[in-house]
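K.L.:
Letter by letter, the chains look like this.
2 protein chains.
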Amino acid sequence: MDRRAEFKRWKAQSLSKADFSRKGCVDEDVVELVQLLNDREQFFTTSSCAGRIILLEQDMDSFEVQKQNCCWLLVSHKPCVKDDVVVALKKANGDAILKFEPFVLHVQCRQLQDAQILHSVAIDSGFRNSGITVGKRGKTMLAVRSTHGLEVPLSHKGKLMVTEEYIDFLLKIANHKMEENKKRIERFYNCLQLALEKETITTNSHPKEKNNSYKKKSNPGKAHDKCITEENDKVLENDVDDDPGISVTIFPEEY
Amino acid sequence: MDRRAEFKRWKAQSLSKADFSRKGCVDEDVVELVQLLNDREQFFTTSSCAGRIILLEQDMDSFEVQKQNCCWLLVSHKPCVKDDVVVALKKANGDAILKFEPFVLHVQCRQLQDAQILHSVAIDSGFRNSGITVGKRGKTMLAVRSTHGLEVPLSHKGKLMVTEEYIDFLLKIANHKMEENKKRIERFYNCLQLALEKETITTNSHPKEKNNSYKKKSNPGKAHDKCITEENDKVLENDVDDDPGISVTIFPEEY
Numbered sequence: 001m002d003r004r005a006e007f008k009r010w011k012a013q014s015l016s017k018a019d020f021s022r023k024g025c026v027d028e029d030v031v032e033l034v035q036l037l038n039d040r041e042q043f044f045t046t047s048s049c050a051g052r053i054i055l056l057e058q059d060m061d062s063f064e065v066q067k068q069n070c071c072w073l074l075v076s077h078k079p080c081v082k083d084d085v086v087v088a089l090k091k092a093n094g095d096a097i098l099k100f101e102p103f104v105l106h107v108q109c110r111q112l113q114d115a116q117i118l119h120s121v122a123i124d125s126g127f128r129n130s131g132i133t134v135g136k137r138g139k140t141m142l143a144v145r146s147t148h149g150l151e152v153p154l155s156h157k158g159k160l161m162v163t164e165e166y167i168d169f170l171l172k173i174a175n176h177k178m179e180e181n182k183k184r185i186e187r188f189y190n191c192l193q194l195a196l197e198k199e200t201i202t203t204n205s206h207p208k209e210k211n212n213s214y215k216k217k218s219n220p221g222k223a224h225d226k227c228i229t230e231e232n233d234k235v236l237e238n239d240v241d242d243d244p245g246i247s248v249t250i251f252p253e254e255y
Numbered sequence: 001m002d003r004r005a006e007f008k009r010w011k012a013q014s015l016s017k018a019d020f021s022r023k024g025c026v027d028e029d030v031v032e033l034v035q036l037l038n039d040r041e042q043f044f045t046t047s048s049c050a051g052r053i054i055l056l057e058q059d060m061d062s063f064e065v066q067k068q069n070c071c072w073l074l075v076s077h078k079p080c081v082k083d084d085v086v087v088a089l090k091k092a093n094g095d096a097i098l099k100f101e102p103f104v105l106h107v108q109c110r111q112l113q114d115a116q117i118l119h120s121v122a123i124d125s126g127f128r129n130s131g132i133t134v135g136k137r138g139k140t141m142l143a144v145r146s147t148h149g150l151e152v153p154l155s156h157k158g159k160l161m162v163t164e165e166y167i168d169f170l171l172k173i174a175n176h177k178m179e180e181n182k183k184r185i186e187r188f189y190n191c192l193q194l195a196l197e198k199e200t201i202t203t204n205s206h207p208k209e210k211n212n213s214y215k216k217k218s219n220p221g222k223a224h225d226k227c228i229t230e231e232n233d234k235v236l237e238n239d240v241d242d243d244p245g246i247s248v249t250i251f252p253e254e255y
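If you're matching them up, the sequences are chains A and B in order. Numbering-wise (UniProt numbering), the first sequence opens with residue 1 and increments by one. Numbering-wise (UniProt numbering), the second sequence opens with residue 1 and increments by one.
I should point out that these hints are in silico values taken from the structure, not numbers from a laboratory. It should be emphasised that the depicted structure is a prediction, and the values quoted were computed from it without experimental measurement. Accuracy of the hints is not assured; some may be wrong.
As the list claims (entries may be wrong) - Which chain B residues face chain A? A few, computed with CB under 7 Å, are given here:
id	residue
1	C71
2	V86
3	G94
4	I117
5	I132
6	T140
7	L150
8	E151
9	V152
10	P153
11	H156
12	G158
13	L160
14	F169
Where is the CB? At the ideal position from N, CA and C, for every residue including glycine.
Just chain A, with the same shape it has in the complex:
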């Protein structure tokens, strides 16, 4: 079977399967984006999370083992208020940690070139920890990741280590990060739409796709001619390449 047919078969198989996430469906804020990708024959998504505030509890006697000995006290894909967290904390006997986890997306790509386009869009939209994985047999995956997180221990052995005032302060920051994250997802959607249009015009090898095989977003005005990353994002991110605190040698451009 050639690569194209094989990819098509895997895509059909993957998309026909049940959603095994705890939630059981794609998050509202990324439905359109996931659809945009899955409508293109060279991509399919394998996992996604729009971004969330979570409060989890773990047993600190073995605090290496977060996943095994932890339970979720609160998960929210919307902004939270202090009382949401205070109420959830009452259930904690171990060590509770509040996290903001930004948008994350895994996309299987037909070939490396497809992953490169997507990667470039992700970086330009502010998701600077994105990267490609290429398996031994050529399975090519793009992971879209941000550095825009928060991870704050709140209690130890059931004892709250911070004040309610602090929780309130912390949630303002987490909610702000959530807003910022949402803007980046929109930017990613718009940049992606432009990149795919451009690619379709350039290659012109799949005329079917040219005829709008994916939906136009309801607000096409947002898509501008050149996809520009806001300066804010560049400095907000924490990648090493422009961090003077990291041992770095400059690499010539455009190599």
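Given chain A, put chain B in place with the hints provided.
P.N.:
Just chain B now, with coordinates in the frame of chain A:
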């Protein structure tokens, strides 16, 4: 110029340049690893940080703009005690944030296959946010990244929002993460050594490299036959693929 010669030229150029990091040299804990990579003709490192605890201050009126309006109150590549942070916090008038930033490394690779080997080693060693970047002209870079961070706001407009007891508690966690991070770097070094040996034996195309063109680590006993990621790490990490809270479709293995 063919690709091999071109890569060699860029490597020489890159390694001969000054280290532009604030510190001006490679962190002690990764010197051997950086050397191991740079001794191989198919790799060179472009930036690295062994992992650090940092306390930074930013102006929250424009808190998008971390990099532009922030200053570093404390940077330590060694474990910290409460008083280090308390003293440093006295200098803060804005919003101070304590972070633990784990090991990060960027390695330029001659070809995709080299990046794949390195990527596989990174994942197996617990650095699950690692990923490959392939530029338009084929520049291939591997970024080694962990999810093993910490980011905690401590003060707002110069006012401390937490107790000293909390700072003490927080530093115990940060110091523990630093230890864990160090173990992973060692594991990465050992896994890499094994993978490179194996590759040299398999390809056997560069007999010069076979004759120990890189140094053996002082404790070869640590390198075992198959590089196994400790179970602890797998569950410590927060990657989405095994997180039931994220919308996910299962992808068939070994595709």
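K.L.:
Hint by hint, note whether the structure agrees.
P.N.:
Structure-based check of each hint:
no.: 1; hint: C71; result: violated (12 Å)
no.: 2; hint: V86; result: violated (16 Å)
no.: 3; hint: G94; result: violated (13 Å)
no.: 4; hint: I117; result: violated (10 Å)
no.: 5; hint: I132; result: holds (4 Å)
no.: 6; hint: T140; result: violated (10 Å)
no.: 7; hint: L150; result: holds (5 Å)
no.: 8; hint: E151; result: holds (5 Å)
no.: 9; hint: V152; result: holds (5 Å)
no.: 10; hint: P153; result: holds (6 Å)
no.: 11; hint: H156; result: holds (6 Å)
no.: 12; hint: G158; result: violated (14 Å)
no.: 13; hint: L160; result: violated (10 Å)
no.: 14; hint: F169; result: holds (6 Å)
When the structure is compared with the earlier hints, violations turn up for hints 1, 2, 3, 4, 6, 12, 13 and for no others.
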